[in-house]
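Generate coordinates for the entire structure from the input sequences, incorporating the hints supplied.
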Amino acid sequence: MGCAAPVIPPPTGRGRARVPGPRERAGDAFFRRALAVAASLILLVALALAWQLASASRQTWTSLGPAFLWRTGWNPVDDSFGALPFLYGTAVTSALAMLIALPLGVGSAIFLTELAPRRAAQALSFAVELLAAVPSVILGLMGVFLLVPAVRAVEPPLSRALGFLPLFRGAPYGVGLLSAGLILAVMILPYITAISREVLLTVPRPLKEGMHALGATRWEVVRGVCLPYARTGIAGAAFLALGRALGETMAVTMVIGNAPTISASLFSPAYTMSAVIANELAEAAGDAHLSALIAVGLTLFALTVVINGLARLLIYRLENRS
Amino acid sequence: MNSSYARRRRVNALMLALTALCAAVSASVLLGILGYIAWRGASSLSWAFLTRLPAPVGETGGGIANAIVGSAKVVGTAALLGIPVGVASGLYLAEYGRRGRFGFLVRYAADVMNGVPSIVIGLFAYALVVMPMKRFSALSGSVALALIMIPVVLRSTEDFVGQVPGTIREAALALGVPRWKAVAFVVLPTARRGILTASLLALSRAAGETAPLIFTSFGSPYWDQGLLNPIATLPQTLYNYAISPYEDWHRQAWAAALVLMLFVLAVNASARLWLRPPQGSSS
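Protein sequences appear in the order of chains A and B. By the working numbering, the letter at position 155 of the first sequence is numbered 155, and the numbering carries on one by one without gaps. By the working numbering, the letter at position 208 of the second sequence is numbered 208, and the numbering carries on one by one without gaps.
Keep in mind that the hints were calculated from the coordinates and are not lab data. Since this is a predicted model, take the numbers as computed values, not measurements. Do not take every clue at face value.
[To be verified] Non-contacting residues of chain A with respect to chain B, defined by C-beta distances greater than 12 Å in every case (computed):
no., residue
1, Gly21
2, Ala29
3, Leu87
4, Ala127
5, Leu158
[What the hints assert, rightly or not] Coverage of chain A stretches by chain B, computed from C-beta distances (three or more under 8 Å per stretch; other residues unrestricted):
no., segment
6, 36 to 42
7, 138 to 145
8, 212 to 221
9, 276 to 286
10, 305 to 313
Note that the Cβ used here is the ideal one computed from N, Cα and C, for glycine as well.
Structural data, given as structure tokens:
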């Protein structure tokens, strides 16, 4: 939009000149610059964050190098640090959460956009948005006193039925990968539902009507038109949710059992990157320990930046299409 | 032909029923959480619980008054730090930075920061404030929460200011008003409601954050002692009580959860009801 002062004849009568004078133009420049300073702050913060984490964890990277990421021992007492158990715990819990929440979320979104009456859909979407607002620590509390006992009760029968898979063997602790994955699923479900719903709402009506006119059932329209059309957006939603799952801290910390071990069983206690930072940073035993924890944080940061970058790429592409 | 049609009808009914089941599960999870917290929390909630300091370890009773005040202080300071920066940056992006490399970089940085886990933001606040000062402090907690709020407020401000019709801007300019006055006194007030809503949503999210506070504001059993000392906050007190071995603290954790949830959901729901967010402002 044009912002240059309009060219108007110089004032003749007693009216004040309406052409912005030099003082007002200085005001413009100052205002713009002040806003630009504020805007550059977030840019600086993002850069400073990466730099700070890198420099505060230098000790770990220089002494261990990238091997830090695939070493397994974690024992602050004798300064032995390896991040693999945390990477493993984060990967398994996030994968489990995605496995549960993705079908549930996309299914709910289909119901909300294609089936539910408008008012019911609005009420349900509102409920889902509120679910996203429930603080993580409250879900953790539910997890400790409700989910963990339930999981502990379910594990023996599960192990009897599916024990031929290594996934479902072992002692029923309750706390562990399974509980953490379940609670993460609850946390990312609202994101997947809300974004998938928004994407499904953009499917053009004529496409759907065309297929209905050919005699397709509602489900066939969903499968043949809506889902293929919304595929990119749903993938974006999945990546955003995955980014959340990777970094989610409190609820996971409270139910995962906090044991830096790697086990094939979903029943066994484990540890995630975010949980080890939350548990150990405030009482870090020494410089090496602190540095190793911040190195875990840097790894987590890099991971979420990559995942979110992919999500943004998909969503930007989607926005350009419409 | 007929049997194939019947089969298609059956598949249709089955799949649609499954999607309804998905929605029912999602909604009942929320209702379950709300109901269970209300049930467990209400029995332990009392006036004394809201107005007293925590009892010494081992004694029963006591309250969370210091944590409520502390949360208000930490979140309030964070809002004072974060919201003006977020609004100003969003205004810049919408008014001056729609295209061009700087605008793109700022927008990208905001999206990156929005996706960074809160625990990593806490780690940054720890390295930035706690390590140089060599002490845990309320201020470092506020810095962490402010950094969580800025990208949310920024992107929403950009959205809402961008939706202000160009004609309003041009009407002001046509009267000979300088550009900056048009932006600050005409465009910004027009987008006021949306910006306020977004700020409330950011505030309610910050109020429930625990992870970045554990090693910044740290927690304390006393009344707050200024911005440069450790301070108790509601989510963190709840966390400490939940993982403690004491029966009485578990009871208090449920009550604290009810207080926290009522606050967060009340702010969140009223902000959303007041103004539904614009289409496309996901996440």
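- [ ] Find the hints from earlier in the document that the structure breaks and name them by number, from lowest to highest.
- [x] 1, 2 and 4
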